[in-house]
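*Asks:* As a plain string of letters, each chain reads:
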Amino acid sequence: RKEVEQDPGPFNVPEGATVAFNCTYSNSASQSFFWYRQDCRKEPKLLMSVYSSGNEDGRFTAQLNRASQYISLLIRDSKLSDSATYLCVVNRDDKIIFGKGTRLHILP
Amino acid sequence: EPEVTQTPSHQVTQMGQEVILRCVPISNHLYFYWYRQILGQKVEFLVSFYNNEISEKSEIFDDQFSVERPDGSNFTLKIRSTKLEDSAMYFCASSDMYGYTFGSGTRLTVV
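Protein chains in written order, with the working numbering: chain A, 754 to 861; chain B, 561 to 671.
All the given hints hold, so there is nothing to weed out.
No farther apart than 27 angstroms at their CA atoms in a straight line, the calculated lysine-lysine pairs in the BS3-like style are these:
hint : chain 1 : residue 1 : chain 2 : residue 2
1    : A       : 832       : B       : 602
2    : A       : 798       : B       : 638
3    : A       : 795       : B       : 638
4    : A       : 795       : B       : 617
5    : A       : 798       : B       : 617
6    : A       : 798       : B       : 602
7    : A       : 853       : B       : 638
Just so you know, the hints here were simulated from the structure itself, not pulled from any lab data.
So that you can see chain A by itself, here it is in the shape it has in the complex (with noise of 0.2 angstroms):
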């Protein structure tokens, strides 16, 4: 099984929609997580940190839930500059890693 799980599109979602990507994680040792944002042929970027308790930031919510080892990241009234890949990324040890990444194309 992979360490980190996720669905790799494309979502193709007209422009002011709200759209949700999942994301699994195997090992139960994870320590920390994160959603960063990769433009095509860029590095990937921090997006959000994800905390049990759930956290916000403009139109971006990001929930984590240990029981069932996931996370998830909603973005709402979504824009064309929200197109990119998304990165479900957990911290173990010393260091972190990457999910495959969901792509997501924002329709005008």
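Start from chain A and add chain B according to the hints.
*Replies:* Relative to chain A, chain B alone:
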């Protein structure tokens, strides 16, 4: 905003040659990493480095690879005798207690 700097941005090399990819991590970060991303695939961990030594490495990071921090600012990845399958984006990252910052990557093409 502090950033991780990588050079060169592109490197083309012949199979069998040695390459050195260079990185300048954020100055007050203590942990350094190399990751790679083969085109269309996920970002893969190669190696982490702390206190002037490797703290962890993946099975990808075999004897062909080595890392070095030759001075107080640079962090290098050396690939000896490159193979075609080493073609990828190589990302350097550094971290502190708040998170990880990635450089913009070096695109390595082995021909």
